[in-house]
Amino acid sequence: MIKVGAVYVLAGIVFAAIAMFSECDTSNPKRWGAAAFWGLFAASFLVGDRVGDFANGVLVIAMVLVAGLVGLGAGKTASTSESERSASAERLGARLFAPILVIPACALLGTLLLKSARIGGAPLADPAQATVIATAIGVVAALALAMAIFRPPVTAPAEEARRILDQVGSAAMLPQLLAALGGVFALAGVGASVSRLIGHWLPMDSHLAAVVAFCLGMAIFTLIMGNAFAAFPVMAAGIGAPIIVGRFGGDPAVMGALGMLAGYCGTLMTPMAAHNIIPAALLDLPTASVIRVQAPTALIVLAADILLMYWLAFR
Amino acid sequence: MMNLLGIAVVVAGLAARLNPVMVVTAAAVVTGLAGGLDLIAVISAIGHNFNDARYISVAFLVIPVVGLSERAGLQAQARKLVGRLRSVTVGRMLLAYLAVRQVSAALGLLSLGGQANMVRPLLAPMAEAEEEARRGPLDGKRRLLIRANAAAADNIGAFFGEDIFIALGSVLLITAILRQNHLPADPLRVALWAIPTAIVAFVVHAIRLLRLDAALGRPRKAP
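Sequence order for the protein chains is A and B.
Each residue of the first sequence is one higher than the last, beginning at 0 in numbering that gives the first Met the number 0.
Each residue of the second sequence is one higher than the last, beginning at 0 in numbering that gives the first Met the number 0.
One or more hints might be untrue.
Unchecked claim - Going by beta-carbon spacing under 8 Å, a handful of chain A positions derived as facing chain B:
#1 43
#2 63
#3 85
#4 103
#5 157
#6 175
#7 235
#8 300
For the record, the hints were derived by calculation from the structure and aren't laboratory data.
In this text, a Cβ means the ideal position worked out from N, Cα and C, and glycines have one as well.
Here chain A stands alone, though its shape is the one from the complex:
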């Protein structure tokens, strides 16, 4: 059975290559910082399952210290020039899109096939991780296709990946680090404290007040945690189930569905969410600019969501 561990080994090899190419990039004044950071990231993917929680924690702290105290720097781009790119686009035409499109196609087909594919009675791939595994297979196929069509030098994949990851910098670890922060929040009982505060500040003596407290609570808690999935269990147990359903007789399916969507409105507005950090890093933007575009939609949808829950839950 193909397990997600195989994908982590692949990612580890990619990050190790980034570390090596960063180390060799003499145009980057902080190349040692970058090499150390990506090397540690590679180690996390290669041996993370074998070294235990404390060692993983030390590894994370080391990455953070490298990022914060040394910095990763950025090399000067050693890629093709604008005129070379135009000439190459002229030559390749629509074939240029093929590798990029192979990845979602593989991810899609693979997810559907891997979930049911069996060899000798055992599933071919871990069904719970089918999407991640299918995406990785798509990446390998796309890489092979790109090498065959574009015929770049063999070092180009790592060289080009380093060029893009130099832009991303230490933000690359931020989504996982925020997940770690969420884990510590859960252990330290932050959820219970937040839901107690919200229950204390926002009155819940009427249907509307309870709905407002629940939905605002979901949005605010998600703003803090960066993840609606972390906020939902806490807010549902604190307000949704006992008050909206228990005291006022609301419909649990409406409470659940619209409560989660209120959380999504929070996700669109928070600098703590991977959904806002990753595109900002990939597109070379400040995270705030993505949030600024999303916030008006999020606020209007949140208001509509609250009204909809008030109308639909107590039909």
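Place chain B on chain A using the hints.
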């Protein structure tokens, strides 16, 4: 209530524009210590959850392919492609993407789009190229606005489509939590009740995208 100190650390740290990686780690340590954990337990918790979250970073595997395609002229080709579509504007292009993204996510086809495999290599360059073809070279501010809007269209489409599909994370989590609280939870009904808000989200964002063209076309203030 001491365990809320970490939140204050995050707010203060981000407001002071310190390195977010340092801020988040400091917040985790402060929260853990204030919540009664010892330092070893805090570091172990960070390590455990960081390790469990590695699947998020698998998104970066796409980057070598994106890099190779860019090197071979992907963006130039994207510009040529949009040059042929005369009636297209940035707003309309992003609106079409929003619609496809939301509908496909609602059908469970979440991996069809995404920031790493669609927005960075295709959507953002095509939108930038479109604006350049219509109104000439982009200044930094308008380029930033176009890119941020491309990223936002992907997020909003994915979020408010995903919640309608019964076999994806969101609906599964909602029904699991409802059951934990001893409430009846039919996934089909949870998905159904997400539809009105999803429609509102689409309409609101569609209107904003159509107004984006006007905002981009407004004459720039003299420096």
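Hints, one by one, checked against the model:
1. For residue 43 (chain A), the shortest C-beta to C-beta distance to chain B is roughly 7 Å, which falls under 8 Å, so the interface hint holds.
2. Below 8 Å, beta-carbon pairs count as interface contacts, and residue 63 (chain A) has one with chain B at about 5 Å; its hint therefore holds.
3. Proximity of residue 85 (chain A) to chain B holds as hinted, the smallest CB-CB distance being about 5 Å (cut-off 8 Å).
4. At a threshold of 8 Å, the smallest CB-CB gap from residue 103 (chain A) to chain B is about 5 Å, leaving the interface hint in force.
5. At about 7 Å, the closest approach between the beta carbon of residue 157 (chain A) and any beta carbon in chain B falls short of 8 Å, and the interface hint on this residue holds.
6. Residue-level restraint check for residue 175 (chain A) holds (minimum Cβ-Cβ distance to chain B is 4 Å; threshold 8 Å).
7. Checking residue 235 (chain A) against chain B by beta carbon gives a least distance of about 5 Å; that is within 8 Å, so the hint holds.
8. Checking residue 300 (chain A) against chain B: minimum C-beta separation of about 5 Å stays under 8 Å; hint holds.
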